[in-house]
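Chain B: place on chain A using the hints.
Going down the list, the sequences are from chains A and B.
In this text, residue positions in the first sequence follow this note's numbering: the first is 1, and each later residue adds one.
In this text, residue positions in the second sequence follow this note's numbering: the first is 1, and each later residue adds one.
Just so you know, the hints here were simulated from the structure itself, not pulled from any lab data.
Here the structure is a predicted model, which is why all the values come from computation and not from measurement.
Check each hint, because a few of them may be wrong.
Residues from chain B shown here face chain A by an in silico Cβ test under 8 angstroms; the list is partial [as the list claims (entries may be wrong)]:
no.	residue
1	Ala56
2	Glu161
3	Ser164
4	Ala165
5	Ala168
6	Met175
From the derived model, a few chain A residues whose C-beta atoms are all more than 12 angstroms from chain B [as the list claims (entries may be wrong)]:
no.	residue
7	Arg13
8	Thr23
9	Gly32
10	Thr62
11	Asp66
12	Leu81
13	Lys145
14	Gly151
15	Ala178
16	Ala185
17	Glu193
18	Glu196
19	Glu235
20	Leu239
Yeah, the Cβ is synthetic: ideal placement off N, Cα and C, and Gly gets one too.
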Amino acid sequence: MLKISHVSKTFNRGTINERRALTDIHFEMDKGDFVTVIGGNGAGKSTLLNMIAGVYPIDCGTIFLDGVDISRKPEYKRAALLGRVFQDPMLGTAADMQIDENLALAARRGRSRGLSWGVTKKEREEYREKLAQLGLGLEDRMTVKVGLLSGGQRQALTLLMAALREPKLLLLDEHTAALDPKTAAKVLELTEEIVEGGGLTAMMVTHNMRDAIHIGNRLIMMHEGRIIYDVRGEEKKGLTVADLLEKFEQASGGTLDNDRMLLA
Amino acid sequence: MIISILKAMQGAVGQGALWGIMALGIYITYRILDIADLTVDGSFALGGCTCGILLAEIGLDPVAATLIASLAGVAAGAVTGILHTQCRIPAILAGILTQLGLYSVNLRILGKSNQPLLKVETVFNGIVDATGLEKAWVSILVGVVVLIMLIAVLYWFFGTEMGSAIRATGSNENMARSQGMNTNFYKILGLAVSNGLVALSGALISQHQGYADVKQGIGAIVVGLASIIIGEVLFGKRRNFAVKLSAVVLGSCIYRIIVAVVLQMGLNTDDMKLFTAALVAVALSVPTFLEKRRQAASYSESGEGGKTC
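Same shape as in the complex, but just chain A:
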């Protein structure tokens, strides 16, 4: 499904602020894989997701998604194949537009936008059902501006929008990190429902090691722009937080430093 070969990225090349963010990444994912991504500060987790999404151009290498070479496509064109949820709940939705309008924008991802109505009556009924499944009561507030919703509600909505057109790959970049623990748990639960229920392929960056172990079928650990540990299936399910810390020390020769990492 996803095939990344020889991808590297250096920011501010040739200046005093030069920073190597990704070093010769090779990575493949099968259809239906749900990969969690962990790592210390500046390990390249978010950069990896941003490179796949096309936020910045890659310096070298290729990225294939579902057999399509997306290495040099602009962000808005790759969006046809991707669903994305960001760490900041403000980033994924248009605050000045209504809930149904936001969903309608997402429903047209990858299609040409013409002069027919931005939201149709038929769509609204469909959205009402989908929103009801979130269990947040948003189905009765479809004409409310998204800016009036809470962070958790906006994140749940973004998740629904990301999955609306059945993306080839869902990219979740610490999408529960800015939420309070209770809301984060709820959004995470929704994430599992949507990914597993829809049979989606997904990558989720998280700073919660326990979530990283319990969610998905595969886990990768990154350090200084490289993937240093890759585990899947039964072996992954049997991991403990202590195992992960040990693996990290073995592979990197140092202790894990992530100021937000939850070890518990």
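Just chain B, lined up with the frame of chain A:
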């Protein structure tokens, strides 16, 4: 005295309607795309000069001349859009560059700095001759008819997929891109539509005032902002889009009435620009001060007296 004030009012409403078309254009960039587009001063004069030369030198049909002038404005907006999105020049600077360049373009088009249009056929005197109505009434009539059509078209357009994409681009560019919208394209489109309306207004104004002038656009952006803000202050931030657009037009009329009143009261026309700048500065700061006062009034140290914090 009263009759002269009423006459002035009548003229003010007619002018307000014609300038209101420009304010609608500015609304698209300022409120929907969230860009302060300074192309406006140039594209307003571009509309006036293009229309003026087509009427005076070529003797084109006034309606056709007005439409061609609007298309010139569309092109000017697209230039700003391309400078901003493809060359990554900050929007304000991109607008200033186009505006400056347009000054020379307008001089070239007109071939001089001023072109009288009193002896040529315009949209207005055509209707005056045909109906025998007074000119002030004709300008109100033309303005209102054009505005009703424009508001209907804009209401429809910003409800379509394309219009929604422009709104999303203005509201959250990051979201728009991640949902597959080519935000550069929608910014260029929005700027083009906006400046097309501005040039349309410029073309009608020059026909109405009886001359086209390369300087007729000076301060147009501030007048447009004044209309938007007066509309919002007086009519509140309503939800319905058609109501919002109508408020902008009413703001434009009220601005013209204010101008007519202060001129009647003896303000020197040379001081008009300073007055407009001060008016906009005051209108922009009123919401801030009201909010501060409300905040101060509702503050209580202990949260006593049934107030919940």
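Each hint, compared with the structure:
Taking 8 angstroms as the C-beta contact cut-off toward chain A, the hint placing Ala56 (chain B) at the interface is violated, the least distance being around 37 angstroms. Checking Glu161 (chain B) against chain A by beta carbon gives a least distance of about 4 angstroms; that is within 8 angstroms, so the hint holds. The beta carbon of Ser164 (chain B) is positioned within 8 angstroms of a beta carbon in chain A (closest approach about 4 angstroms), and the interface hint is therefore held. About 5 angstroms separates the beta-carbon of Ala165 (chain B) from the nearest beta-carbon of chain A, less than 8 angstroms, and the hint is met.
Because the beta carbon of Ala168 (chain B) sits about 5 angstroms from the nearest beta carbon in chain A, less than 8 angstroms, this interface hint is met. Residue-level restraint check for Met175 (chain B) holds (minimum Cβ-Cβ distance to chain A is 5 angstroms; threshold 8 angstroms). Separation of Arg13 (chain A) from chain B is adequate, the least Cβ-Cβ distance of about 18 angstroms exceeding the 12 angstroms criterion. Non-interface call for Thr23 (chain A) relative to chain B: holds, since the shortest CB-CB distance, roughly 26 angstroms, exceeds 12 angstroms.
Distance check for Gly32 (chain A) against chain B: the nearest CB is about 23 angstroms away, which clears 12 angstroms, and the non-interface claim stands. Chain B leaves Thr62 (chain A) outside its interface by the beta-carbon criterion, the shortest separation being 22 angstroms against a cut-off of 12 angstroms. Non-interface status of Asp66 (chain A) relative to chain B is upheld: no Cβ of that chain comes within 12 angstroms, the nearest being about 16 angstroms off. For Leu81 (chain A), the shortest C-beta to C-beta distance to chain B comes to about 9 angstroms, within the 12 angstroms cut-off, and the non-interface label is violated.
With 12 angstroms as the threshold on Cβ separation, the claim that Lys145 (chain A) sits away from chain B is violated: the shortest Cβ distance comes to roughly 9 angstroms. Under the 12 angstroms C-beta cut-off, the non-interface status given to Gly151 (chain A) relative to chain B holds; the minimum distance is some 15 angstroms. Residue-level check passed: Ala178 (chain A) sits 15 angstroms from the nearest beta carbon of chain B, beyond 12 angstroms. For Ala185 (chain A), the non-interface assignment is confirmed: its Cβ lies about 25 angstroms from the closest Cβ of chain B, beyond the 12 angstroms cut-off.
Listed as a non-interface residue, Glu193 (chain A) keeps its Cβ farther than 12 angstroms from every Cβ of chain B; the least gap is roughly 22 angstroms. Listed as a non-interface residue, Glu196 (chain A) keeps its Cβ farther than 12 angstroms from every Cβ of chain B; the least gap is roughly 23 angstroms. Listed as outside the interface, Glu235 (chain A) is consistent with that label: its C-beta sits roughly 34 angstroms from the nearest C-beta of chain B, beyond the 12 angstroms cut-off. With a least beta-carbon separation of about 32 angstroms from chain B, Leu239 (chain A) lies farther than 12 angstroms from that chain, consistent with its non-interface assignment.
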